[in-house]
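297 is the number that UniProt numbering gives to position 297 of the sequence shown; each next residue is one higher, with no gaps.
Accuracy of the hints is not assured; some may be wrong.
Pairwise CB distance ranges (calculated) [unchecked claim]: (1) 302 x 50: 25 to 33 Å; (2) 40 x 380: 25 to 33 Å; (3) 229 x 336: 49 to 57 Å; (4) 140 x 361: 16 to 24 Å; (5) 160 x 189: 17 to 25 Å; (6) 329 x 40: 35 to 43 Å; (7) 251 x 338: 31 to 39 Å; (8) 140 x 350: 43 to 51 Å; (9) 228 x 189: 19 to 27 Å; (10) 250 x 292: 23 to 31 Å.
Result set (BS3-like, lysine-lysine): computed pairs, CA atoms no more than 27 Å apart in a straight line [to be verified]: (11) 365 x 267; (12) 54 x 112; (13) 264 x 379; (14) 365 x 379; (15) 54 x 39; (16) 264 x 365; (17) 114 x 54; (18) 267 x 379.
Since the hints were made in silico from the structure, they are not lab data. Don't be surprised by glycine CBs; every beta carbon is placed ideally from N, CA and C.
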Amino acid sequence: MEASGSGSGQSKSQTLIENILILGLRRSGKSSIVEVVYKSLPPDDSLFLESTLKCTPFDVNTIQPVRIWDGTGNAESSALTAQQSQGSQARTSKSAGNGSGQSSGNTTKSVKGKHAWGTGGQLFWVDTSAVIFVIDSQDDFYDAIDRLNDVIIDAYSHNPLIQFHIFVHKVDGHSTDYRYDTLQNIQSRVCPAHPIPLVHMNQTLLLPLFGPDLERDVRLSFHATSIYNPSVFVAVSRVQMGLMNSDVSRTLEDMCNGLAHSCKFEKVYLFDVPTKTYISADSSPYDENNFEAISEYLNFLVQFSGLYGSLANEQIQKESDKGTDREVRYSASIVRLSPDTTLGFHQINHHMALAFIMRTDIHTKHAGMIDFNIAIARKAIIDIYDTCRS
Numbered sequence: 001m002e003a004s005g006s007g008s009g010q011s012k013s014q015t016l017i018e019n020i021l022i023l024g025l026r027r028s029g030k031s032s033i034v035e036v037v038y039k040s041l042p043p044d045d046s047l048f049l050e051s052t053l054k055c056t057p058f059d060v061n062t063i064q065p066v067r068i069w070d071g072t073g074n075a076e077s078s079a080l081t082a083q084q085s086q087g088s089q090a091r092t093s094k095s096a097g098n099g100s101g102q103s104s105g106n107t108t109k110s111v112k113g114k115h116a117w118g119t120g121g122q123l124f125w126v127d128t129s130a131v132i133f134v135i136d137s138q139d140d141f142y143d144a145i146d147r148l149n150d151v152i153i154d155a156y157s158h159n160p161l162i163q164f165h166i167f168v169h170k171v172d173g174h175s176t177d178y179r180y181d182t183l184q185n186i187q188s189r190v191c192p193a194h195p196i197p198l199v200h201m202n203q204t205l206l207l208p209l210f211g212p213d214l215e216r217d218v219r220l221s222f223h224a225t226s227i228y229n230p231s232v233f234v235a236v237s238r239v240q241m242g243l244m245n246s247d248v249s250r251t252l253e254d255m256c257n258g259l260a261h262s263c264k265f266e267k268v269y270l271f272d273v274p275t276k277t278y279i280s281a282d283s284s285p286y287d288e289n290n291f292e293a294i295s296e297y298l299n300f301l302v303q304f305s306g307l308y309g310s311l312a313n314e315q316i317q318k319e320s321d322k323g324t325d326r327e328v329r330y331s332a333s334i335v336r337l338s339p340d341t342t343l344g345f346h347q348i349n350h351h352m353a354l355a356f357i358m359r360t361d362i363h364t365k366h367a368g369m370i371d372f373n374i375a376i377a378r379k380a381i382i383d384i385y386d387t388c389r390s
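Take these sequences, add in the hints, and give me the full structure.
Following this line, the structure appears as structure tokens:
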């Protein structure tokens, strides 16, 4: 993964990068999610992470580039501080005179509206594509729900296109029934039909914007997550997929469906290997056990890829110095999960790979056809990737 720190939410490629803001109360586990998914931190080591005191964004180089903002735990106070700072600048600009011509920067800020919570004034709501709000399911979550409702109303009033993803986190210790009940309980308390959260806001301004249809209009998704199983990677994958161009997303899904049909795959995923999140999948039902097997195998490959990557690069450099052409070779592997089930992995490029589950007897009979079909799909996927990155 190519990730780089950035002290600002603005760059030359601002229009190409989707901003994902991660919020939550202190100790909710949001920083653990960032470190485990995007920086390959072992889950057990996340216990020693300190609370986020300053929001430092970094870029993630996937097929759809994203910028991750790990918001501070005191998001509300940070937002109020930024708002006060913005108001102070506006008053200073006004007192400077009508004809000064020096208030263009402040005018831009006023047009962009309010700063996003927890970013220390580095990001505006209008530039935010998605908000991930993390709720600790093992703690009293009523304060978190109150904060979440405030965030939704504030963000939605400035940018109705924001996607909100609620991660009901740390569910690994719960039974399936209790997990479902907790998820339903939280979901019923988020964005209620009656305008209770409006008492914290300027009602005169917001009443025309919000009404009984708020729950329907806000783009809300709920995910039960844990860093100790693949659920957090599934949730982050769905967040990132929601930010992709709809035509690209639909084309990749159609391609996965075509592969699954022609090769008789039970399930196929297109993965972003460094982050172990998937970019696309066929439309067959999601199976938790199959995804867990694929995720564990992918993690195994990522751990050992560094051992051989430097040797391969040295060999390529030697052949390049000699002036010899080298045919591009893509890694592939097949593993039997059971006598009847086979897991396959085929590299697409330095970032992406296809992973699939299929019956062992079908793979034995049609291995050549499968390799041929994947080679054709690889060319198409690389063309799509290059188009998205150009």
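Quick rundown of the hints versus the structure:
The hint said 25 to 33 Å for the Cβ distance between residue 302 and residue 50, and at roughly 26 Å that hint holds. Distance hint for residue 40 and residue 380: a CB-CB separation of about 29 Å, consistent with the stated range 25 to 33 Å. Under the hint 49 to 57 Å, the C-beta atoms of residue 229 and residue 336, about 23 Å apart, miss the expected range. Range check, residue 140 to residue 361: Cβ separation about 52 Å, and the 16 to 24 Å hint is violated.
The hint said 17 to 25 Å for the Cβ distance between residue 160 and residue 189, and at roughly 22 Å that hint holds. Remark: the range hint 35 to 43 Å for residue 329 to residue 40 is contradicted by a beta-carbon distance near 25 Å. Hint check: residue 251 to residue 338, Cβ distance near 33 Å, so the stated range 31 to 39 Å holds. Between residue 140 and residue 350, the C-beta spacing of about 45 Å keeps the proposed range 43 to 51 Å intact.
At about 26 Å, the beta-carbon gap between residue 228 and residue 189 stays in the expected band of 19 to 27 Å. Taking 23 to 31 Å as the suggested C-beta distance range, the pair residue 250 and residue 292 conforms, at roughly 27 Å. About 18 Å separates the Cα atoms of residue 365 and residue 267, which keeps this hinted pair within 27 Å; it holds. A threshold of 27 Å between alpha carbons decides the hint, and for residue 54 with residue 112 the separation of about 22 Å falls inside it, so the pair holds.
Restraint check for residue 264 and residue 379: the C-alpha separation of about 20 Å stays at or below 27 Å, so the hint holds. The hinted pair formed by residue 365 and residue 379 meets the criterion: a straight-line CA distance of about 24 Å does not exceed 27 Å. The hinted pair formed by residue 54 and residue 39 meets the criterion: a straight-line CA distance of about 18 Å does not exceed 27 Å. Between residue 264 and residue 365, the direct Cα distance comes to roughly 12 Å. Compliance with the 27 Å bound is thereby established for this hinted pair.
The suggested pairing of residue 114 with residue 54 holds, with an alpha-carbon distance near 19 Å, which does not exceed 27 Å. In summary, the hint linking residue 267 to residue 379 is supported, as the alpha carbons are separated by about 21 Å, within the 27 Å threshold.
Comparing the model with each earlier hint shows violations of hints 3, 4 and 6; every other hint is respected.
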